[in-house]
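Asker: If you want the building blocks of each chain, they are given just below.
There are 2 protein chains.
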Amino acid sequence: LTEAEFIAALRALPLHNGAMALADDAAHLGEWVLTKDLIAEGVHYLAADPPGDVAWKLLATNLSDLAAKGAAPVGAMLGYALGDDTFDRAFLAGLGEACATLGCPILGGDTIRVEAPRVLSLTAIGRTERRVLRSGARAGDALWVTGTIGDAGAGLAIAKGEVGPGALLAAYRRPIPRLAEGRVLANRANAMMDVSDGLLIDAARMAEASGLAVKIDLDAVPLSAEYRAFRGQDRVARLAAATAGDDYELLFALPEGEPASVAATRVGRFAEGHGLSVFDSEGEVPLPSTPGYMHGTSG
Amino acid sequence: LTEAEFIAALRALPLHNGAMALADDAAHLGEWVLTKDLIAEGVHYLAADPPGDVAWKLLATNLSDLAAKGAAPVGAMLGYALGDDTFDRAFLAGLGEACATLGCPILGGDTIRVEAPRVLSLTAIGRTERRVLRSGARAGDALWVTGTIGDAGAGLAIAKGEVGPGALLAAYRRPIPRLAEGRVLANRANAMMDVSDGLLIDAARMAEASGLAVKIDLDAVPLSAEYRAFRGQDRVARLAAATAGDDYELLFALPEGEPASVAATRVGRFAEGHGLSVFDSEGEVPLPSTPGYMHGTSG
Numbered sequence: 001l002t003e004a005e006f007i008a009a010l011r012a013l014p015l016h017n018g019a020m021a022l023a024d025d026a027a028h029l030g031e032w033v034l035t036k037d038l039i040a041e042g043v044h045y046l047a048a049d050p051p052g053d054v055a056w057k058l059l060a061t062n063l064s065d066l067a068a069k070g071a072a073p074v075g076a077m078l079g080y081a082l083g084d085d086t087f088d089r090a091f092l093a094g095l096g097e098a099c100a101t102l103g104c105p106i107l108g109g110d111t112i113r114v115e116a117p118r119v120l121s122l123t124a125i126g127r128t129e130r131r132v133l134r135s136g137a138r139a140g141d142a143l144w145v146t147g148t149i150g151d152a153g154a155g156l157a158i159a160k161g162e163v164g165p166g167a168l169l170a171a172y173r174r175p176i177p178r179l180a181e182g183r184v185l186a187n188r189a190n191a192m193m194d195v196s197d198g199l200l201i202d203a204a205r206m207a208e209a210s211g212l213a214v215k216i217d218l219d220a221v222p223l224s225a226e227y228r229a230f231r232g233q234d235r236v237a238r239l240a241a242a243t244a245g246d247d248y249e250l251l252f253a254l255p256e257g258e259p260a261s262v263a264a265t266r267v268g269r270f271a272e273g274h275g276l277s278v279f280d281s282e283g284e285v286p287l288p289s290t291p292g293y294m295h296g297t298s299g
Numbered sequence: 001l002t003e004a005e006f007i008a009a010l011r012a013l014p015l016h017n018g019a020m021a022l023a024d025d026a027a028h029l030g031e032w033v034l035t036k037d038l039i040a041e042g043v044h045y046l047a048a049d050p051p052g053d054v055a056w057k058l059l060a061t062n063l064s065d066l067a068a069k070g071a072a073p074v075g076a077m078l079g080y081a082l083g084d085d086t087f088d089r090a091f092l093a094g095l096g097e098a099c100a101t102l103g104c105p106i107l108g109g110d111t112i113r114v115e116a117p118r119v120l121s122l123t124a125i126g127r128t129e130r131r132v133l134r135s136g137a138r139a140g141d142a143l144w145v146t147g148t149i150g151d152a153g154a155g156l157a158i159a160k161g162e163v164g165p166g167a168l169l170a171a172y173r174r175p176i177p178r179l180a181e182g183r184v185l186a187n188r189a190n191a192m193m194d195v196s197d198g199l200l201i202d203a204a205r206m207a208e209a210s211g212l213a214v215k216i217d218l219d220a221v222p223l224s225a226e227y228r229a230f231r232g233q234d235r236v237a238r239l240a241a242a243t244a245g246d247d248y249e250l251l252f253a254l255p256e257g258e259p260a261s262v263a264a265t266r267v268g269r270f271a272e273g274h275g276l277s278v279f280d281s282e283g284e285v286p287l288p289s290t291p292g293y294m295h296g297t298s299g
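For the record, the sequence lines run as chains D and F. The opening position of the first sequence corresponds to residue 1 in the numbering used here, with each subsequent residue numbered one higher. The opening position of the second sequence corresponds to residue 1 in the numbering used here, with each subsequent residue numbered one higher.
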């Protein structure tokens with residue numbers, strides 16, 4: 001089955017109310033928020049990626065899901081496939097740095113030993129006082145995004161061999177989840193999610209979940225100085241940034257005219273209707289056939 | 001690293017208090033209990049096992065960890081490796097039966113698509129009012145076990161081609177976690193855990209965690225009529241039962257003389273000292289070199 005077919009079939013099983021009908025990135029149990037990711041070598045990370053960075057990213061991507069709920073991290077359950085000693089030790093060192101830096105202790109887990117490819121799993125638990133979903137955007141809301149877009153996608157190209165700025169590689173390998181921003185925004189945003197598969201596809205998902213159309217101003221998409229130096233800032237470079245994955249920035253909807261109150265950029269607007277459209281100073285931008293980064297079938 | 005080395009290294013990372021120093025099978029967050037298992041084809045289940053049974057067992061074994069904490073199931077987060085449509089549909093059907101029968105709805109999860117061997121993950125969340133650990137046994141306590149022992153081990157032999165009773169195969173493929181018994185016992189037992197790797201090794205683990213010795217009466221180990229018909233009940237048959245895995249019965253310590261108050265059998269006694277010893281009517285029983293079933297390095 002495809003992921004979409006599997007999730008549709010899963011909806012026919014007994015579902016907890018807190019599963020939010022499997023339409024969101026996290027589950028809610030009272031004030032607790034749970035999110036789970038499975039990653040596989042060669043699919044979600046490169047076999048050549050440093051093991052410490054793999055560990056960092058495994059925790060950081062789950063914490064990004066918590067950030068999008070405005071939740072503070074509480075702990076993580078790790079599922080680990082044991083490998084050679086060098087990998088295991090470097091993984092543990094990176095995980096320790098991530099736990100300490102991002103403020104998320106280990107709660108427990110399980111280990112297995114299997115043949116390659118290695119599969120790793122993490123369930124992160126957070127706590128929040130307010131539920132913010134991706135489905136709450138209203139017609140007329142402005143769409144905002146934190147930070148800059150496209151750095152991690154460019155970093156992936158550098159990890160694969162292109163020569164480019166170290167800051168872009170770092171954005172790909174050691175993303176920093178927007179936990180503080182998420183906690184502030186949870187009390188203000190009508191809808192929020194993290195940008196994991198690409199700005200355009202994730203904005204389209206927020207619009208679809210909210211029953212609205214969304215229009216993106218491609219010229220407004222925030223690019224870092226390093227990205228502009230590496231890829232430029234013409235339409236092609238901006239489209240590449242907005243369709244690359246792994247940004248782990250927060251995408252959120254606020255009533256038009258309200259300030260973001262965190263460092264963020266207004267990149268679009270919701271309206272009645274449905275679908276995604278993209279404009280820049282030259283007019284409407286034809287959408288690429290692949291509007292985001294798809295890890296096989298994984299979200 | 002071995003699993004023990006990995007867990008020891010993990011203890012050096014930032015740990016949540018509820019991790020119980022990674023010495024137990026579950027983590028505690030207030031009244032919530034979390035447990036996680038990762039299973040791999042060819043390691044924890046056979047490639048020929050029916051997919052619906054794989055799903056059932058994945059949920060049931062996690063719920064058995066909750067049962068050992070006296071916790072009622074709240075929900076499950078599933079990590080699923082997508083495969084061919086036939087497997088996926090049969091897996092979902094079995095998971096639905098397990099969710100409905102065992103009383104645990106789906107909370108969320110993640111899917112990936114990777115090359116074989118398939119790896120699956122589940123995090124189960126439960127709720128309990130009392131913490132019962134494996135480390136609370138006291139010198140003089142009696143050791144009890146629910147149900148019968150060895151059925152699943154015999155069922156594994158049948159799954160691999162031996163001819164034998166269907167009830168044993170069912171015990172291997174569709175274990176029933178002792179949730180009701182666990183909730184009753186959580187208020188009475190000094191220590192509790194589930195029997196996942198074998199009665200002898202798990203009893204030895206409870207004794208070690210409690211800083212005690214344990215002595216098992218092999219003649220008392222409860223065997224089903226089907227097991228006795230299949231393997232007999234001599235010392236060899238009893239040792240085979242007590243060193244096979246996958247029973248998912250509850251093992252618990254009660255003050256000597258107190259009734260179990262659930263269907264269970266007294267199989268041993270804790271004493272000052274350390275280590276495991278096994279006796280039957282003929283005297284001390286030499287311990288096998290492998291006192292339990294080890295899934296590679298997984299617990």
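Keep in mind the hints are simulated off the structure, nothing from the lab. Treat the hints with care, since some could be wrong.
Taking CB as the label site, the calculated pair distances span [what the hints assert, rightly or not]: (1) D/Pro117 to F/Ala225: 53 to 59 Å; (2) D/Gly42 to F/Gly161: 52 to 58 Å; (3) F/Gly83 to D/Ser281: 46 to 52 Å; (4) F/Thr290 to D/Glu115: 35 to 41 Å; (5) D/Leu46 to F/Phe279: 42 to 48 Å; (6) F/Glu115 to D/Ala180: 35 to 41 Å; (7) D/Pro117 to F/Asp219: 28 to 34 Å; (8) F/Lys160 to D/Ser289: 26 to 32 Å; (9) F/Ala21 to D/Ala90: 22 to 28 Å; (10) D/Gly42 to F/Leu46: 45 to 51 Å; (11) D/Ser289 to F/Leu46: 38 to 44 Å.
Virtual Cβ for every residue (Gly too), placed ideally from N, Cα, C.
Asker: Each hint: holds or not?
Answerer: Status of the hints after comparison with the structure:
1. About 45 Å separates the C-beta atoms of D/Pro117 and F/Ala225, a value inconsistent with the hinted range of 53 to 59 Å.
2. Look at D/Gly42 against F/Gly161: about 35 Å separates their beta carbons, and that is not inside 52 to 58 Å.
3. Checking the proposed 46 to 52 Å range against F/Gly83 and D/Ser281 shows it holds: the Cβ atoms sit about 47 Å from each other.
4. Distance hint for F/Thr290 and D/Glu115: a CB-CB separation of about 23 Å, inconsistent with the stated range 35 to 41 Å.
5. Our hint of 42 to 48 Å for D/Leu46 and F/Phe279 is violated, since their Cβ atoms are close to 56 Å apart.
6. The supplied range of 35 to 41 Å is met by F/Glu115 and D/Ala180, whose beta-carbon atoms lie about 39 Å from each other.
7. The given range of 28 to 34 Å is broken by D/Pro117 and F/Asp219, whose C-beta atoms sit roughly 48 Å from each other.
8. For F/Lys160 paired with D/Ser289, a C-beta distance near 48 Å fails the hint of 26 to 32 Å.
9. With their beta carbons about 24 Å apart, F/Ala21 and D/Ala90 fall inside the hinted range of 22 to 28 Å.
10. Hint check: D/Gly42 to F/Leu46, Cβ distance near 26 Å, so the stated range 45 to 51 Å is violated.
11. Taking the beta carbon of each, D/Ser289 and F/Leu46 are about 42 Å apart, inside 38 to 44 Å as hinted.
Checked against the numbered hints given earlier, the structure breaks hints 1, 2, 4, 5, 7, 8 and 10 and satisfies all the rest.
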